[in-house]
Amino acid sequence: MDLFSAMDVSGSALSAQRTRMNVIADNLANAETSRTPAGGPYRKKEVVFGAQPVPAFAELLRGIKAARGGVEVLAVVESPAPPRRVHRPGHPDADAQGYVALPDINPVIEMVDMIAATRAYEANVTAIQAAKAMAQKALEIGR
Amino acid sequence: MAEITIGPIEGPAPLPRTTGPARPGKSFGETLSESIAQVNELQKAAETAAQDLAVGKSKDIAQTLIAIEKASISFQLMMQVRNRMLEAYQEVMRMQV
Chain Z
8 MDLFSAMDVS
18 GSALSAQRTR
28 MNVIADNLAN
38 AETSRTPAGG
48 PYRKKEVVFG
58 AQPVPAFAEL
68 LRGIKAARGG
78 VEVLAVVESP
88 APPRRVHRPG
98 HPDADAQGYV
108 ALPDINPVIE
118 MVDMIAATRA
128 YEANVTAIQA
138 AKAMAQKALE
148 IGR
Chain G
3 MAEITIGPIE
13 GPAPLPRTTG
23 PARPGKSFGE
33 TLSESIAQVN
43 ELQKAAETAA
53 QDLAVGKSKD
63 IAQTLIAIEK
73 ASISFQLMMQ
83 VRNRMLEAYQ
93 EVMRMQV
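Chains as they are written, first to last, in this note's numbering: chain Z, 8 to 150; chain G, 3 to 99.
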C-alpha cells in the first residue's frame with residue numbers, strides 16, 4: 008500500500024533524528040573531556056544527513072524497488088574547530104603555560120540542537136499518525 | 003517461366019473469444035489469496051519486530067511500532083473486504099426464487 012511507504016519514509020527520519028540525538032548527548036557528556044583514545048581533547052561531532060538514493064529507473068520499471076525516498080545518516084563528522092584553551096595549571100593535561108585544551112562545545116548550542124532534534128522527531132511522528140489516520144479514513148468508506 | 007504456386011484459401015481466422023477472462027491474468031480468488039498472504043507476512047513481520055524488541059535484539063521502538071501499525075491497518079483492510087464479500091453472498095442467498 009502506498010501509505011505504507013509514507014510511513015517508511017517517516018520511519019527513516021525517526022532513526023536519523025535518534026542518531027542525531029545520540030550525537031548531541033555525546034557532545035554534552037564530553038563538553039569537558041581533555042583526553043581521548045585518539046589523543047588530544049574531544050572534538051565536537053556532527054551528523055550529516057543525506058537523501059536515500061532513488062532506485063534506478065529499470066528497477067522501478069520492473070517493480071523491484073519502490074520510489075520512496077527517505078533520509079539516512081551518511082556520516083558523523085568531527086568539527087574542525089580548534090579547542091578552547093582554559094587556564095588550569097593543576098590539571099594533568101595542562102601544557103607548560105598551564106593551559107588545558109578543552110573541546111569547543113557550547114552547551115547552549117547543544118541544547119538548541121537537542122530541541123530541534125526533538126521537534127523534528129515529533130513532526131515525523133505526526134506525519135506517521137497522519138498517514139495512519141488517512142488509511143483508517145479510507146477504510147471507513149466501506150463501513 | 004516461373005511457376006506461381008497458389009496456396010489454398012484458409013478459413014477465417016478464429017475470432018477472439020468474448021467469453022471468459024478478457025486477458026490471461028490472475029483470477030479474483032488468486033488475487034485475494036495473494037493479498038491475504040501479504041497481510042500474513044506483515045503480521046509475521048510485526049510479531050518478529052515485537053519479539054526482537056522484547057529480547058533486546060533491536061532497540062528501535064519506532065520501527066517496531068510502524069511494523070505493528072502496518073500489520074494492523076492491512077488486517078483491517080482484509081476484514082473490510084471479507085465483510086463486503088460475505089454481505090454479497092448473503093444478499094444472493096436472500097434472493098427470491
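One should not assume that every hint holds.
Here are the simulated PhoX-like cross-link-like pairs (lysine-lysine), alpha carbons at most 25 Å apart as the crow flies [as the list claims (entries may be wrong)]:
| # | chain 1 | residue 1 | chain 2 | residue 2 |
| --- | --- | --- | --- | --- |
| 1 | G | LYS46 | G | LYS61 |
| 2 | Z | LYS139 | G | LYS46 |
| 3 | G | LYS28 | Z | LYS52 |
| 4 | G | LYS46 | G | LYS59 |
| 5 | G | LYS61 | Z | LYS139 |
Derived by calculation from the structure, the hints in this document are not laboratory data. No experiment lies behind these values; they were computed from the predicted model shown.
Here's how the hints hold up against the structure:
1. For the given pair, LYS46 of chain G sits about 18 Å from LYS61 of chain G by alpha-carbon distance, which is consistent with the 25 Å threshold.
2. Between LYS139 of chain Z and LYS46 of chain G, the direct Cα distance comes to roughly 19 Å. Compliance with the 25 Å bound is thereby established for this hinted pair.
3. Among the hinted pairs, LYS28 of chain G with LYS52 of chain Z is inconsistent with the structure: their alpha-carbon atoms are about 54 Å apart, more than 25 Å.
4. Restraint check for LYS46 of chain G and LYS59 of chain G: the C-alpha separation of about 16 Å stays at or below 25 Å, so the hint holds.
5. Between LYS61 of chain G and LYS139 of chain Z the CA atoms are separated by roughly 23 Å; this keeps the pair inside 25 Å, and the hint holds.
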